[in-house]
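Novice: Here is how the chains run, residue by residue.
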Amino acid sequence: NAGVTQTPKFRVLKTGQSMTLLCAQDMNHEYMYWYRQDPGMGLRLIHYSVGEGTTAKGEVPDGYNVSRLKKQNFLLGLESAAPSQTSVYFCASRHNANTGELFFGEGSRLTVL
Amino acid sequence: GDSVTQMEGPVTLSEEAFLTINCTYTATGYPSLFWYVQYPGEGLQLLLKATKADDKGSNKGFEATYRKETTSFHLEKGSVQVSDSAVYFCALSQGTNAGKSTFGDGTTLTVKP
Chain A
52 NAGVTQTPKF RVLKTGQSMT LLCAQDMNHE YMYWYRQDPG MGLRLIHYSV GEGTTAKGEV
112 PDGYNVSRLK KQNFLLGLES AAPSQTSVYF CASRHNANTG ELFFGEGSRL TVL
Chain B
6 GDSVTQMEGP VTLSEEAFLT INCTYTATGY PSLFWYVQYP GEGLQLLLKA TKADDKGSNK
66 GFEATYRKET TSFHLEKGSV QVSDSAVYFC ALSQGTNAGK STFGDGTTLT VKP
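Same order as they appear, the protein sequences are chains A and B. Counting in this note's numbering, the first sequence runs from 52 upward without gaps. Counting in this note's numbering, the second sequence runs from 6 upward without gaps.
Hints are not guaranteed to be accurate.
Unchecked claim - Within a straight-line C-alpha distance of at most 20 Å, the following computed EDC-like cross-link-like pairs (lysine to aspartate or glutamate) qualify: (1) B/105 - A/130; (2) B/105 - A/113; (3) B/117 - B/7; (4) B/105 - B/89; (5) B/105 - A/81; (6) A/108 - B/7; (7) B/65 - B/20; (8) A/60 - B/47; (9) A/108 - A/130; (10) B/105 - A/103; (11) B/73 - B/60; (12) B/82 - A/110; (13) B/117 - B/81.
Unchecked claim - Now the in silico label distances, taken between C-beta atoms and shown as ranges: (14) A/91 - B/65: 36 to 42 Å; (15) A/124 - B/46: 22 to 28 Å; (16) A/160 - B/90: 19 to 25 Å; (17) B/75 - A/133: 40 to 46 Å; (18) B/64 - A/79: 22 to 28 Å; (19) A/63 - B/63: 28 to 34 Å; (20) B/61 - A/67: 27 to 33 Å; (21) A/128 - B/61: 41 to 47 Å.
No wet-lab data here; the hints were simulated from the structure. Values in this document were obtained by computation on a predicted structure and should not be read as measured data. Where is the CB? At the ideal position from N, CA and C, for every residue including glycine.
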């Protein structure tokens, strides 16, 4: 079972470059989320989606954009990367908004020089 | 807004020692509570959960009880193993909030032989 798959797993960017992280889930989940993980700060929600064609801002959305054109995919874009966006990014999905657990991808480590 | 406060780490124990990681929360309504575990280089995975007051979640020898009166969800294990070394995250989610989860900062556990 693939579960939640993130690509790429590692990427190095120069300041000002753009890139897209892809998250794909094969569990037919409605809800999908992008988090970033920084040392000592837990996980912070960037953007989320409650269904195909919908997106919404999370706690730290500035500098990021997202799209959910297909139910199984949730894309996170950085239009002009900054060193402050150096982080590990996790995608997660869930079936049930309240009681359901989150299923996480393995993470994408992004370094912006 | 919702918040989760975890016992600060890191925590270092000898094999077979008793483990407690404290977690308290602030939330309106009736959230579900979760413990996730992250092994090095991996994404988070569900360890256990509880969806209503007085429920006890358990898995792999770990337990936590949803205490509404003290707004707590402390993680315990009677005898830890070296393989339990990981980062542990307490989290809550509310269905009324698009299933967005709030995470604690994480507690790093190291178990020495």
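Novice: Each hint needs a verdict: does it hold in this structure or not?
Specialist: Now for the hints, and whether the structure bears them out:
1. A hinted pair counts as satisfied when its Cα atoms are at most 20 Å apart, and residue 105 of chain B with residue 130 of chain A does not qualify at roughly 25 Å.
2. The hinted pair formed by residue 105 of chain B and residue 113 of chain A meets the criterion: a straight-line CA distance of about 18 Å does not exceed 20 Å.
3. A distance of roughly 35 Å separates the Cα atoms of residue 117 of chain B and residue 7 of chain B; the hinted pair therefore is violated under the 20 Å criterion.
4. Between residue 105 of chain B and residue 89 of chain B, the direct Cα distance comes to roughly 27 Å. Violation of the 20 Å bound is thereby established for this hinted pair.
5. Taken as a hint, the residue 105 of chain B and residue 81 of chain A pair is honoured in the structure, with Cα atoms around 13 Å apart against an allowance of 20 Å.
6. Note on residue 108 of chain A and residue 7 of chain B: the hinted pairing holds, with a Cα-Cα distance of about 16 Å set against a maximum of 20 Å.
7. Straight-line distance between C-alpha atoms of residue 65 of chain B and residue 20 of chain B comes to about 15 Å, which keeps the hinted pair within the 20 Å bound.
8. A C-alpha spacing of about 11 Å is found between residue 60 of chain A and residue 47 of chain B, which places the hinted pair at or below 20 Å, so the restraint holds.
9. For the proposed pair residue 108 of chain A and residue 130 of chain A, the alpha carbon gap of about 16 Å is at most 20 Å, so the pair holds.
10. Between residue 105 of chain B and residue 103 of chain A, the direct Cα distance comes to roughly 17 Å. Compliance with the 20 Å bound is thereby established for this hinted pair.
11. Restraint check for residue 73 of chain B and residue 60 of chain B: satisfied, since their Cα atoms lie roughly 10 Å apart, inside the 20 Å limit.
12. Pair hint residue 82 of chain B plus residue 110 of chain A does not hold up; C-alpha atoms about 33 Å apart against a cutoff of 20 Å.
13. Restraint check for residue 117 of chain B and residue 81 of chain B: the C-alpha separation of about 18 Å stays at or below 20 Å, so the hint holds.
14. The hinted range of 36 to 42 Å is not satisfied by residue 91 of chain A and residue 65 of chain B, whose Cβ atoms lie roughly 26 Å apart.
15. Roughly 24 Å separates the CB atoms of residue 124 of chain A and residue 46 of chain B, a value that falls within the hinted 22 to 28 Å.
16. For residue 160 of chain A paired with residue 90 of chain B, a C-beta distance near 21 Å keeps the hint of 19 to 25 Å intact.
17. Checked against the hint of 40 to 46 Å, the pair residue 75 of chain B and residue 133 of chain A passes, with Cβ atoms roughly 42 Å apart.
18. The hint said 22 to 28 Å for the Cβ distance between residue 64 of chain B and residue 79 of chain A, and at roughly 24 Å that hint holds.
19. Hint check: residue 63 of chain A to residue 63 of chain B, Cβ distance near 42 Å, so the stated range 28 to 34 Å is violated.
20. At about 51 Å, the CB distance of residue 61 of chain B to residue 67 of chain A disagrees with the hint of 27 to 33 Å.
21. Restraint check, residue 128 of chain A to residue 61 of chain B: a C-beta distance of roughly 42 Å satisfies the suggested window 41 to 47 Å.
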